[in-house]
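So the sequence lines, in the order shown, correspond to chains F and Y.
When the letters of the first sequence are read in order and numbered with the numbering used here, they come out as residues 1 to 233.
When the letters of the second sequence are read in order and numbered with the numbering used here, they come out as residues 1001 to 1118.
Note that these hints are calculated values from the structure, not bench results.
Note that this is a predicted model, so its numbers are computed, not measured.
Think of the CB as a built atom: it goes at the ideal place given N, C-alpha and C, for glycine as much as any other residue.
One or more hints might be untrue.
As a list, the in silico PhoX-like pairs of lysine-lysine whose alpha-carbon atoms are at most 25 Å apart [stated by the list, open to error]:
1. F:K147 / Y:K1117
2. F:K220 / Y:K1117
3. Y:K1090 / F:K220
4. Y:K1041 / F:K109
5. F:K111 / Y:K1041
6. Y:K1092 / Y:K1117
7. Y:K1041 / F:K118
So the derived list for chain Y, only partly shown, Cβ under 8 Å to chain F, looks like this [to be verified]:
8. I1007
9. P1008
10. I1009
11. S1034
12. V1040
13. N1047
14. Q1074
15. G1115
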Amino acid sequence: MNANLNIFGLTKSFGSQLALDDIHMEIQPGRIAGLMGPNGAGKTTILKTIMQIYKPDAGNIILNGIPLNHNSRQEIAYLPDHNHLFKWMRVRDAIAYYRDMFADFDSEKSKELCDFLKIDPQACVRTLPSGMLERTLIMLTFSRRAKLYLLDEPIGGIDPLARQKILQTILSGMNEDNSVLLATHLVSEVETILDDVFFLDKGCLLASDSAENIREQRGKSIMEYYLEVFENV
Amino acid sequence: MNFNPTIPIYLQIMDSIKKDVLSGTLAAGERLDSVRGLAVKFGVNLNTMQRACSELEREGLIQTQRGIGSFVTQDKSILKALEREMVDQKVKEFLEEMRSAGLTDKEILTAIEKGFKK
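The following block holds chain F by itself, in its conformation from the complex (with noise of 0.2 Å):
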């Protein structure tokens, strides 16, 4: 079968530093892949690429069979590290808006998630507390019945329950077609949803495997795995 994202030698730099070096990755439909690393890794880089807000040195990216073009983030869901909703909206506001701006949205599948994630339409963006914010911006991301979900950091600095909530959002969301990349330095969290691991610091892939064989072949949770990655860098 087709991978749904596949990432040739894909190099970046800032001016003189390197920010990502020679990065290879595939993911097949139907998986969730884990994207870890420390702060300042080349994550949220790696995101923004498969999103064309920078342009990549070198290296090539396939969405779906098809290198990147014009039409690409039509077929991706992308969820940013930051809030970036405009601060006068309602939550009503801001599903017309993704409505008007994405031909995937699914106004049934919005209203499903806002009752289950119990978001109240009528609030304004700018006084959400930071869980009911990240909870509204994953409904969004998921009422978009996308190909691939690009996911940066959606659980960071959020309490448990909501956590939850969102995890069970991004799992209730898959299917045998679409995909999620998740970006998070939260290993623990994400480690029971997750199919793939890629692990990356400094702009380097480290290591990549599937989630099931750290457990079989090393015996390891990923979190032990994570931790004698990076200790041997």
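Given chain F's structure and the hints, the job is docking chain Y onto it.
Here is chain Y on its own, set in the frame of chain F:
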């Protein structure tokens, strides 16, 4: 559910479902939730849940009817074998733990008898 992150998760899910069958929480012949529903309930991805279900099916504990759903088997011999397997495993674990604590088999037996009297 709390998983032990060092043991393959599909094995832990299989154990949990087996326990539910033995305790009667899941009756023989009862219909299971969909794979998708179970995945969300256990908080794991679809592939892990699918793996747990197909392994259980391979062992004969559940049977899938296309388009209808998965059911706990009604085959008494499979259920009986499952019970025996679980009991054997628990006893083995218990004995290993006691022996590693330095108890002789005789001491273990006395401890069990004492435990019953309490």
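Hint by hint, here is what the structure shows:
1. F:K147 / Y:K1117: Violated, at roughly 62 Å.
2. F:K220 / Y:K1117: Measuring from Cα to Cα gives roughly 41 Å; hence the hint is violated.
3. Y:K1090 / F:K220: 23 Å, holds
4. Y:K1041 / F:K109: Measuring from Cα to Cα gives roughly 19 Å; hence the hint holds.
5. F:K111 / Y:K1041: 21 Å, holds
6. Y:K1092 / Y:K1117: 23 Å, holds
7. Y:K1041 / F:K118: 18 Å, holds
8. I1007: 6 Å, holds
9. P1008: 5 Å, holds
10. I1009: 6 Å, holds
11. S1034: 11 Å, violated
12. V1040: 5 Å, holds
13. N1047: This hint holds: N1047 of chain Y lies near chain F, its Cβ roughly 5 Å from the closest one there, short of 8 Å.
14. Q1074: Violated: closest Cβ of chain F sits about 31 Å from Q1074 of chain Y, beyond 8 Å.
15. G1115: 33 Å, violated
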